[in-house]
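Next come the chains, spelled out residue by residue.
Number of protein chains: 2
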Amino acid sequence: MDDLIERLRAGLPAEALITDPDVTVSYGRDMAGFCAAGTPAVVVLPRTVEQVRHVMRTATALRVPVVPQGARTGLSGAANASDGCIVLSLLRMDRILEISPVDRIAVVEPGVVNADLSRAVGELGLAYPPDPSSWESCTIGGNIGTASGGLCCVKYGVTAEYVLGLEVVLADGRLLNTGRRTAKGVAGYDLTRLFVGSEGSLGIVVKAVLALRPKPPAQLVLGAEFPSAAAACAAICAVMERGHTPSLLELMDRTTVRAVNATTGMGLPETTEALLLCAFDTPDPAADLAAVGELCRAAGATEVVPADTPAESELLLQARRSALPALESLSTATMIDDVCVPRSRLGEMIEGTARIAEKYGLTIGVCAHAGDGNTHPVVCFDQHDPEESRRARESFDAIMALGLELGGTITGEHGVGVLKKEWLARELGPVGLEMQRGIKAAFDPLNILNPGKLF
Amino acid sequence: MDDLIERLRAGLPAEALITDPDVTVSYGRDMAGFCAAGTPAVVVLPRTVEQVRHVMRTATALRVPVVPQGARTGLSGAANASDGCIVLSLLRMDRILEISPVDRIAVVEPGVVNADLSRAVGELGLAYPPDPSSWESCTIGGNIGTASGGLCCVKYGVTAEYVLGLEVVLADGRLLNTGRRTAKGVAGYDLTRLFVGSEGSLGIVVKAVLALRPKPPAQLVLGAEFPSAAAACAAICAVMERGHTPSLLELMDRTTVRAVNATTGMGLPETTEALLLCAFDTPDPAADLAAVGELCRAAGATEVVPADTPAESELLLQARRSALPALESLSTATMIDDVCVPRSRLGEMIEGTARIAEKYGLTIGVCAHAGDGNTHPVVCFDQHDPEESRRARESFDAIMALGLELGGTITGEHGVGVLKKEWLARELGPVGLEMQRGIKAAFDPLNILNPGKLF
Chain R
1 MDDLIERLRA
11 GLPAEALITD
21 PDVTVSYGRD
31 MAGFCAAGTP
41 AVVVLPRTVE
51 QVRHVMRTAT
61 ALRVPVVPQG
71 ARTGLSGAAN
81 ASDGCIVLSL
91 LRMDRILEIS
101 PVDRIAVVEP
111 GVVNADLSRA
121 VGELGLAYPP
131 DPSSWESCTI
141 GGNIGTASGG
151 LCCVKYGVTA
161 EYVLGLEVVL
171 ADGRLLNTGR
181 RTAKGVAGYD
191 LTRLFVGSEG
201 SLGIVVKAVL
211 ALRPKPPAQL
221 VLGAEFPSAA
231 AACAAICAVM
241 ERGHTPSLLE
251 LMDRTTVRAV
261 NATTGMGLPE
271 TTEALLLCAF
281 DTPDPAADLA
291 AVGELCRAAG
301 ATEVVPADTP
311 AESELLLQAR
321 RSALPALESL
331 STATMIDDVC
341 VPRSRLGEMI
351 EGTARIAEKY
361 GLTIGVCAHA
371 GDGNTHPVVC
381 FDQHDPEESR
391 RARESFDAIM
401 ALGLELGGTI
411 TGEHGVGVLK
421 KEWLARELGP
431 VGLEMQRGIK
441 AAFDPLNILN
451 PGKLF
Chain S
1 MDDLIERLRA
11 GLPAEALITD
21 PDVTVSYGRD
31 MAGFCAAGTP
41 AVVVLPRTVE
51 QVRHVMRTAT
61 ALRVPVVPQG
71 ARTGLSGAAN
81 ASDGCIVLSL
91 LRMDRILEIS
101 PVDRIAVVEP
111 GVVNADLSRA
121 VGELGLAYPP
131 DPSSWESCTI
141 GGNIGTASGG
151 LCCVKYGVTA
161 EYVLGLEVVL
171 ADGRLLNTGR
181 RTAKGVAGYD
191 LTRLFVGSEG
201 SLGIVVKAVL
211 ALRPKPPAQL
221 VLGAEFPSAA
231 AACAAICAVM
241 ERGHTPSLLE
251 LMDRTTVRAV
261 NATTGMGLPE
271 TTEALLLCAF
281 DTPDPAADLA
291 AVGELCRAAG
301 ATEVVPADTP
311 AESELLLQAR
321 RSALPALESL
331 STATMIDDVC
341 VPRSRLGEMI
351 EGTARIAEKY
361 GLTIGVCAHA
371 GDGNTHPVVC
381 FDQHDPEESR
391 RARESFDAIM
401 ALGLELGGTI
411 TGEHGVGVLK
421 KEWLARELGP
431 VGLEMQRGIK
441 AAFDPLNILN
451 PGKLF
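As given, the protein sequences belong to chains R and S, one line each in that order.
Position one of the first sequence corresponds to residue 1 (our numbering), numbered consecutively onward.
Position one of the second sequence corresponds to residue 1 (our numbering), numbered consecutively onward.
FYI, nobody ran anything at the bench for these hints, they're computed from the structure.
Note that the Cβ used here is the ideal one computed from N, Cα and C, for glycine as well.
Mixed in with the good hints there might be a few duds.
Claimed, not checked - So, partial list: chain S residues that the calculated Cβ filter (under 7 Å) puts toward chain R:
| hint | residue |
| --- | --- |
| 1 | Arg-95 |
| 2 | Leu-97 |
| 3 | Ser-133 |
| 4 | Ser-137 |
| 5 | Gly-149 |
| 6 | Val-158 |
| 7 | Ala-187 |
| 8 | Asp-308 |
| 9 | Arg-343 |
| 10 | Ser-344 |
| 11 | Gly-347 |
| 12 | Asn-374 |
| 13 | Thr-409 |
| 14 | Arg-426 |
| 15 | Gln-436 |
| 16 | Ala-442 |
Build the full structure now, drawing on both the sequences and the hints.
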């Protein structure tokens, strides 16, 4: 270990190296529960590509595992340290290198905070759509590593669709350029997409070319209250089947609505079994909301409230934004699941989750990126009660099993990390897993890049 | 070889096996010029996944190369046979298995013709946007193999963005499922995207889950004539910089305009140095066209003609559609290049191509998916003149060199095949190439899947 520190020091400024265990311990984990985390040997915070290359060359020479980290807002333990590892934090590589309105691209370092980029391109009339809930603190590098989603995905898609090209430091310190700066390109296998969502297991992203869009008009939001989750899901299916393209289509179940009421005093009726939020950023959002309002009423909505102004819309969105904190206030701990099903199966997913909550005797609130069929069941439990904690973990697993049964995936946007490793194997099957491992071996033959994550 | 045929016959119906050399020779090549093609040992036309698996198991057992084929409309020789290979034609696996308007997906076999799918989903109010020029004959499997583009890409993106999941027969006959039926999903490395554009070198796609969109309104087209290509490119940059989202933005240079005039009697003024076509499928396309018309005039357009009706629009699009046949009529042979540059460099690309035409003493017409920066310089030459043919090949290469110099890629949508193998190595560099080869080896360790293509 002394050798490791000495070697690292040879290519890094003193301030880029943290060895004090009282400090390094704070880099131990991301925001996921139920995930093992080890103690890093050292934390490095490089500012340049050359410094990252030095770190990786050192790691390869000494066979030391490297765990790349952004803002550690992840929810699957993918950024958790392993014992004796080098934590490679990209937070100080935080420059926006270029924004081109004509080419509609931005070139950034991995430590740029999502919201900082959004604001910078916004000033030029552009948008970088991916908007995970943690957008005020999460980094673009982390977004790329975990292939993050967000509220906008139903219209604008996920991070993967906005990454055009990458500069990557490989396990042995060599530099790889993937992709392009152009709108299109098909030269060879799409390595760029391979890195998106690879959770730091294939290489260290040190630069990214991102696609931008013209900034859309402000969105207008509608809230609709339903007497059952099934009715709300029928409305969602009708909206999508009729060819609407909402910029947001979110669902909160009864448990979530009540928790939000309790913590914010929002005064939603206690009879509400499901609250649907739908938004449009089209040229005539009021007309689109009127059409959706009709579909909601036809599906049985008891109340349909379209906002007239962006300010009223903002109030409605507050309810959605306060959902997670509200559910977290119900117990000493929560686990947030991330099952995505075909949207035609959303109703079954939500009803099935309610049955799972009953079976395990737990409170499970569901909020969902409903337009995408991406549910976030939040399992509330007392972490100081081992038996209840066990039931929480079992219900968490039962939710994933249900998702797979309905033709879905165990993770719509949070990733696998260490939390869902066993479930990834179940979703992919042995052939799929073998192919994934083959790719890992091609990029990281010594298995030093975030080992023990994914599979 | 007798052994090969016997073994194949054991798992295929008689009508799925062609051994007559007079017939197999017609499966020798796609539509690319300047590309070597060998003589297949046998052509197989399976109808089921199980039959494809039998073919691949046989190929693996006997170490016989397999060249997968769709409609052979490709332009890079990726579907060209190699000597003694099995040509695996997927044309008879042509069923549309499912269309779901709620989930906005279609599930198809690889031999489905692009236009057939478009029409089938169109009847349900949906669209499958990717629209390569060959859409009336090319197959979805071929589109996936080559990651095809088309006219719509500037707004709707390329094939890659519409492939959600795949069923693939691996080199050894095992079955691999990738991706999902859901709108989102991040379970493991994105193998789906890896297969898109892999030119049949990683596995045989036997089923695809495709994303659909609501059918957009009919588009309205504007034509604008410019006194120089530079002025037209300035207009294109202005359109994109101002945040417009055209559904089509195409450019034809002087050579192309004159060729179209000559073959169609379209009567465009001979003074036109560049013709720009721009379309919108927005709720108010006339207003969008008016705004673009202003930008064209400000950039120096001598004539701006917005269509008032879809029928008039169709007439304007005829000019674009007749561009390639018109250029082909100028000589005994043509080579179509496919260089994509950042759209801010499009003017330099077109001017540079004109200089290359002059230097090599050849006619080179350029039509371009201008909104994407994707140019198709068409080199016209006499194939019976060896010296002119040599100059044609050299100018073709010079165009790619220029594209790379301008920060572009050697192929925006046609792929690498055998035509651009050397250039792929140049674009990717040694590290990139090594990583690509590592992936190939992980999927196809015996190198029997379309060997000799890509790299």
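Outcome of the hint check:
no.: 1; hint: Arg-95; result: violated, 20 Å
no.: 2; hint: Leu-97; result: violated, 14 Å
no.: 3; hint: Ser-133; result: violated, 15 Å
no.: 4; hint: Ser-137; result: violated, 20 Å
no.: 5; hint: Gly-149; result: holds, 6 Å
no.: 6; hint: Val-158; result: holds, 6 Å
no.: 7; hint: Ala-187; result: holds, 5 Å
no.: 8; hint: Asp-308; result: violated, 21 Å
no.: 9; hint: Arg-343; result: holds, 6 Å
no.: 10; hint: Ser-344; result: holds, 4 Å
no.: 11; hint: Gly-347; result: violated, 11 Å
no.: 12; hint: Asn-374; result: holds, 5 Å
no.: 13; hint: Thr-409; result: holds, 4 Å
no.: 14; hint: Arg-426; result: violated, 10 Å
no.: 15; hint: Gln-436; result: holds, 5 Å
no.: 16; hint: Ala-442; result: holds, 3 Å
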